[in-house]
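Next come the chains, spelled out residue by residue.
Number of protein chains: 2
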Amino acid sequence: MPGVDAADEFETIERLFRPLAHPEWARGLIDDVAALPSRPGYDLILTKDAMVEGVHFLPDDPLDTVARKLLRVNLSDLAAKGAEPFGYLLACFWPVESGWLEREAFAAGLAEDQAKFGVHLLGGDTVVTPGPASFSLTALGWAPKGRTVARSGAQPGDLIVVTGMIGEGFLGLKAARGEVGLEDERVAALIAHYRTPEPRTDFALAVREHAAAALDVSDGLIADMGHMARASGVGIVIDLEKLPLSRAATAWLETRVDPPAALTDLATGGDDYEIVMAVPPGVFDSLKREADARHLRLTVLGEATGGDGVTVRYGGEIIPVTRTGWRHG
Amino acid sequence: MPGVDAADEFETIERLFRPLAHPEWARGLIDDVAALPSRPGYDLILTKDAMVEGVHFLPDDPLDTVARKLLRVNLSDLAAKGAEPFGYLLACFWPVESGWLEREAFAAGLAEDQAKFGVHLLGGDTVVTPGPASFSLTALGWAPKGRTVARSGAQPGDLIVVTGMIGEGFLGLKAARGEVGLEDERVAALIAHYRTPEPRTDFALAVREHAAAALDVSDGLIADMGHMARASGVGIVIDLEKLPLSRAATAWLETRVDPPAALTDLATGGDDYEIVMAVPPGVFDSLKREADARHLRLTVLGEATGGDGVTVRYGGEIIPVTRTGWRHG
Numbered sequence: 000m001p002g003v004d005a006a007d008e009f010e011t012i013e014r015l016f017r018p019l020a021h022p023e024w025a026r027g028l029i030d031d032v033a034a035l036p037s038r039p040g041y042d043l044i045l046t047k048d049a050m051v052e053g054v055h056f057l058p059d060d061p062l063d064t065v066a067r068k069l070l071r072v073n074l075s076d077l078a079a080k081g082a083e084p085f086g087y088l089l090a091c092f093w094p095v096e097s098g099w100l101e102r103e104a105f106a107a108g109l110a111e112d113q114a115k116f117g118v119h120l121l122g123g124d125t126v127v128t129p130g131p132a133s134f135s136l137t138a139l140g141w142a143p144k145g146r147t148v149a150r151s152g153a154q155p156g157d158l159i160v161v162t163g164m165i166g167e168g169f170l171g172l173k174a175a176r177g178e179v180g181l182e183d184e185r186v187a188a189l190i191a192h193y194r195t196p197e198p199r200t201d202f203a204l205a206v207r208e209h210a211a212a213a214l215d216v217s218d219g220l221i222a223d224m225g226h227m228a229r230a231s232g233v234g235i236v237i238d239l240e241k242l243p244l245s246r247a248a249t250a251w252l253e254t255r256v257d258p259p260a261a262l263t264d265l266a267t268g269g270d271d272y273e274i275v276m277a278v279p280p281g282v283f284d285s286l287k288r289e290a291d292a293r294h295l296r297l298t299v300l301g302e303a304t305g306g307d308g309v310t311v312r313y314g315g316e317i318i319p320v321t322r323t324g325w326r327h328g
Numbered sequence: 000m001p002g003v004d005a006a007d008e009f010e011t012i013e014r015l016f017r018p019l020a021h022p023e024w025a026r027g028l029i030d031d032v033a034a035l036p037s038r039p040g041y042d043l044i045l046t047k048d049a050m051v052e053g054v055h056f057l058p059d060d061p062l063d064t065v066a067r068k069l070l071r072v073n074l075s076d077l078a079a080k081g082a083e084p085f086g087y088l089l090a091c092f093w094p095v096e097s098g099w100l101e102r103e104a105f106a107a108g109l110a111e112d113q114a115k116f117g118v119h120l121l122g123g124d125t126v127v128t129p130g131p132a133s134f135s136l137t138a139l140g141w142a143p144k145g146r147t148v149a150r151s152g153a154q155p156g157d158l159i160v161v162t163g164m165i166g167e168g169f170l171g172l173k174a175a176r177g178e179v180g181l182e183d184e185r186v187a188a189l190i191a192h193y194r195t196p197e198p199r200t201d202f203a204l205a206v207r208e209h210a211a212a213a214l215d216v217s218d219g220l221i222a223d224m225g226h227m228a229r230a231s232g233v234g235i236v237i238d239l240e241k242l243p244l245s246r247a248a249t250a251w252l253e254t255r256v257d258p259p260a261a262l263t264d265l266a267t268g269g270d271d272y273e274i275v276m277a278v279p280p281g282v283f284d285s286l287k288r289e290a291d292a293r294h295l296r297l298t299v300l301g302e303a304t305g306g307d308g309v310t311v312r313y314g315g316e317i318i319p320v321t322r323t324g325w326r327h328g
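Quick note, the sequences are listed as chains C and H, same order. When we follow numbering that gives the first Met the number 0, the leftmost residue of the first sequence carries the number 0, and every step to the right adds one. When we follow numbering that gives the first Met the number 0, the leftmost residue of the second sequence carries the number 0, and every step to the right adds one.
Be aware that one or more of the hints could be misleading.
The list makes no distinction among identical chains, and a pair is therefore deemed to hold if it is satisfied within one copy or across any two copies.
As the list claims (entries may be wrong) - Listed next, the in silico SDA-like pairs over lysine to any residue satisfying Cα-Cα at most 20 angstroms (straight line):
(1) 144 - 21
(2) 287 - 197
(3) 241 - 296
(4) 173 - 41
(5) 241 - 254
(6) 287 - 36
(7) 115 - 127
(8) 144 - 38
(9) 241 - 29
(10) 287 - 13
Keep in mind the hints are simulated off the structure, nothing from the lab.
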């Protein structure tokens with residue numbers, strides 16, 4: 000049914016998206032396709048995530064941060080696989096009632112993060128929907144041939160290591176909903192993390208060089224470790240008290256009456272966009288040096304074992320995890 | 000906000016989409032990314048189209064045909080650029096109230112057309128939306144390095160040639176809405192074309208070898224010729240009475256009191272997914288032989304000229320085209 004929204008969509012592409020286009024491969028966004036040259040010796044890595052207003056972001060999240068988050072959650076997937084990003088394709092579903100302000104904000108957010116992460120728009124589609132604002136992004140990156148890091152590959156004895164901090168996604172959403180009673184500054188930091196998580200793009204090479212298995216923490220730390228355990232055919236044991244927490248999360252934890260339950264919330268909430276890895280003990284020091292050089296926190300949570308599934312301990316005792324947000328375990 | 004729909008979405012991927020996955024490059028759909036080997040000597044061609052229930056398809060269109068149409072409109076873009084398809088990534092936005100029946104039908108449609116067109120699922124995302132069913136697909140193909148056919152490239156004197164028939168998209172939509180008073184058999188044929196247009200995948204190589212410029216007819220024949228004229232810096236003159244029509248379209252035309260207006264409807268309705276090309280006169284016979292070998296209709300509509308824009312004639316007289324569905328021209 001072309002033509003329904005043709006006018007606005009043509010102008011959206013011409014005025015807002017063409018400035019974001021890859022100078023060569025996007026063919027000016029006027030040729031229906033992008034054309035990428037072959038890069039011998041490298042695999043092309045692709046990932047695709049979708050976001051819906053009211054489901055994956057809040058109706059009052061600014062659209063520039065929605066655009067940045069959409070790009071970042073995809074870049075996070077690439078980083079966890081050891082791939083360097085270079086471009087993306089984008090589908091926008093604009094609500095009937097949305098106008099230029101929303102589109103301009105969205106494009107401005109993309110422009111900001113394109114520059115930050117060194118990627119360009121390659122193509123896509125923009126349509127109008129009677130439903131909520133929705134977006135889908137396909138991100139592309141390069142990895143040396145055969146060097147993409149998988150979820151499988153963890154061996155018993157490997158250390159389970161995570162970048163950055165865990166629970167910011169869970170607390171950030173609560174903060175954005177006004178459900179966290181902390182100082183304004185900490186609430187603002189949590190909301191900022193929720194809206195624009197930090198993909199570990201500059202750690203991708205280190206992950207590729209050192210990790211036996213890796214993925215990004217999107218479903219929730221425990222769920223994502225479950226994915227790794229299952230794909231690798233190992234068990235994973237972690238200690239909740241080792242969870243790396245921000246100052247805001249530490250302050251929040253102090254307000255809770257049941258610390259292991261609260262830590263479990265942080266470890267199951269998801270949306271952290273950190274990288275969890277299985278790392279052979281012999282290469283951990285080398286990985287740690289890479290992290291230190293980037294001022295990136297790196298935390299050993301536990302280890303891979305024989306058996307299967309994820310075992311969660313607190314104070315040395317195994318605790319049952321009932322809210323995993325995942326099916327398989 | 001992962002977890003909201005995690006259960007269904009995991010099972011959708013495992014049960015319905017994993018059987019569609021590329022045996023190697025999709026990494027079992029469990030690794031967040033696809034990894035494609037380099038193909039030296041070839042460019043990777045990407046295109047992305049989105050569809051929304053109530054906008055791009057009708058609420059009572061069967062979901063297996065929605066899936067097939069989504070794949071086909073993307074394959075049509077690749078064919079018009081001279082690229083051979085091999086894979087796709089998919090984002091599904093399922094309405095809250097949708098269940099397994101809808102998802103199974105959608106996957107069955109994909110399975111049918113994957114086999115028909117020789118493509119595989121590479122990855123994607125599946126989420127739940129409070130809005131209408133929506134889908135976005137990124138299709139991938141190969142073309143020999145530097146051989147992707149552009150909208151630009153038409154020269155004055157080139158013949159303007161189109162595959163298949165024009166107006167089936169326009170009449171097909173009318174037929175699906177019960178607005179075409181023809182014999183049942185013809186209405187059924189129109190609806191079938193509307194729901195599952197035929198991408199000219201098997202003509203891609205011929206397009207690449209012979210066309211100076213090409214694109215698929217999605218916005219509407221006149222609008223799409225306008226895109227070509229503008230990108231190429233030429234004018235295009237066509238004669239409406241040369242429009243290739245199906246028997247159903249011919250029967251419909253006979254019921255109209257104003258033939259040029261009716262032909263203009265067919266030439267502006269869009270959704271035809273034929274390929275319109277600028278072809279140097281010296282290679283037309285060779286292109287025609289390629290079409291004949293595939294039992295594919297090929298029609299000369301007019302020619303590229305000096306000047307700019309699209310000039311539409313009927314009975315040798317220039318007629319004003321007021322409903323073009325396009326901005327530029």
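How the hints compare with the structure:
no.: 1; hint: 144 - 21; verdict: between (24 angstroms within a copy, 18 angstroms between copies)
no.: 2; hint: 287 - 197; verdict: within (19 angstroms within a copy, 55 angstroms between copies)
no.: 3; hint: 241 - 296; verdict: within (13 angstroms within a copy, 69 angstroms between copies)
no.: 4; hint: 173 - 41; verdict: neither (41 angstroms within a copy, 48 angstroms between copies)
no.: 5; hint: 241 - 254; verdict: within (18 angstroms within a copy, 78 angstroms between copies)
no.: 6; hint: 287 - 36; verdict: neither (36 angstroms within a copy, 31 angstroms between copies)
no.: 7; hint: 115 - 127; verdict: neither (29 angstroms within a copy, 31 angstroms between copies)
no.: 8; hint: 144 - 38; verdict: both (10 angstroms within a copy, 11 angstroms between copies)
no.: 9; hint: 241 - 29; verdict: neither (52 angstroms within a copy, 28 angstroms between copies)
no.: 10; hint: 287 - 13; verdict: neither (46 angstroms within a copy, 36 angstroms between copies)
Consistency note: the structure conflicts with the earlier hints numbered 4, 6, 7, 9, 10.
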